[in-house]
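Chains as they are written, first to last, in numbering that gives the first Met the number 0: chain A, 0 to 213; chain B, 0 to 132.
In case anyone wonders, no lab produced these hints; they're calculated from the structure. These numbers come from a predicted model, not from an experiment. Worth double-checking, as some hints may not be accurate.
Stated by the list, open to error - Some chain B residues judged to face chain A by a derived CB distance under 8 Å, without partners named:
#	residue
1	3
2	4
3	35
4	94
5	96
6	97
7	105
8	120
From the three backbone atoms N, C-alpha and C, an ideal C-beta is built for every residue, glycine too.
Each chain, letter by letter, is given below.
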Amino acid sequence: MHKIVDLKDEESLLAHNRELAEKIHEQLAERGICSIDVMGAIGSGKTTILEKLVEHLKNQYRIAVLAGDLTTTIDADRIGAHGVQTFQINTGKECHLDAHLISHAIEDIPADTNLLFIENVGNLVCPADFPLGTDKRVVVVSVTEGPHMVKKHPYIFGQAHVAVINKKDLADSMEVSIEDLTNDIHGINPETRVVVMTARDGEGIEELIGALEL
Amino acid sequence: MHEMSVAQGIARAVLRTAKREEAVKVARINIEIGQLTFLNPEQVIFWVAELFKGTEAEAAEISHKIVPARVRCGKCGYEGPLQVKEDPLFHQALPVFACPKCEKGSLEILEGRDCIVRDIEIETSPDGDCSCH
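Produce the entire structure from the sequences given, and follow the hints as far as they go.
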C-alpha cells in the first residue's frame, strides 16, 4: 500500500538553532547582559578589534568574552591579557559556533557580567546561518582579503548590524577601494552601519563603540 | 557549507517517520530548500542518498524544490519577495536586504531560510505479498 506522509512540521536543523538562539536572547536579557557576535574571515582582525574594544570598555562594563576557534587558546589568551574574563570554545572541525554551544558557555560566565562579546570562528559563510541570540552582529572584512569579499558573501553582510572595514592603512598598497567596499555593503543592506578602522593602531575604535551603541 | 549536517537531519526525519509508519520501503521524498540557505541542492541530495544506503529508503527518488525568500518590512509593512540584484560578475543573484518598497527597513525573513522534508511516499507492505492468496 502506498501512502504519503506529511513531514513539514518536523523540526529543521536551522529552525532548531534559531529557536535556541531566541531562548539565549531571552536569558541574556533577563540577566541584563548586552551581547555582540563578532564574525569575519580568518585573519580579518576580529581578535585585535576585540582587544581594543575591551581595553576601551573594561572600566565601564563587566565584560566576558567567548572566543570560538577550531583549536588553541591563542585568541582567548590575547584578549584575557587585557584583564577581562575570557572563555575559549574549541569547535574541532566545526566551522561556526552554534546556539547549542553558546547555551552551555553562558552558564559559565560570571553572574555580574553586563557585556558579552562572542568571537565567532573565522568564516564568512556558515556563521550567517547560525544566529547565537546576541543583540547585535558585527562582521569584519579587511582590505587584504581583496576587493570582492562583500559581494561574494552577501548573506553575512545582510545579517550584520555593523560592518567593519579593517586595515585601512593597507588599502593603497592592496589597491582596494574602501569606497567600493562600503557601496557593496550598502547595496546589500542600506541599514548596516559601516565603520572603517585600522584596528592595530586603534583607529576607528571610538566610531565602532558608537555604532554598537555602547 | 553544512550540506552534510542538513542531510543528516533530513535522513533522520525520513527514517524515523518510515519506522513509525511501519514502512517497508520509502518510494520518494520531497525536499524544500530555502533560497537563503544557499545550500547546494546537488550536494544535499548526494549526501541524503549516501545516508539512505542500506536502509528502507535506499531506492527512494529524491526530489527538491527551491523556496523563494519572503520578507516583511518593519517600517512600511511590505510583505513579499526579497529584492535580488543581477550582477554579471557573479553567477548567483545577490539578495538585497532592503525593503523593495520603502528601500529602508529592518526586514524580517518569513520564508526561505530552512531546508525541510515536505512529505514522503512510503509502501507499508511489500508488493505482491498479499496473504489472502
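Against the structure, the hints:
1. 3: violated, 11 Å
2. 4: holds, 6 Å
3. 35: Holds. Min distance 7 Å.
4. 94: holds, 6 Å
5. 96: Because about 4 Å separates residue 96 of chain B from the closest Cβ in chain A, which is inside the 8 Å limit, the hint holds.
6. 97: Holds - the Cβ of residue 97 of chain B comes within 8 Å of chain A, reaching about 5 Å at its closest.
7. 105: Holds, about 6 Å.
8. 120: holds, 5 Å
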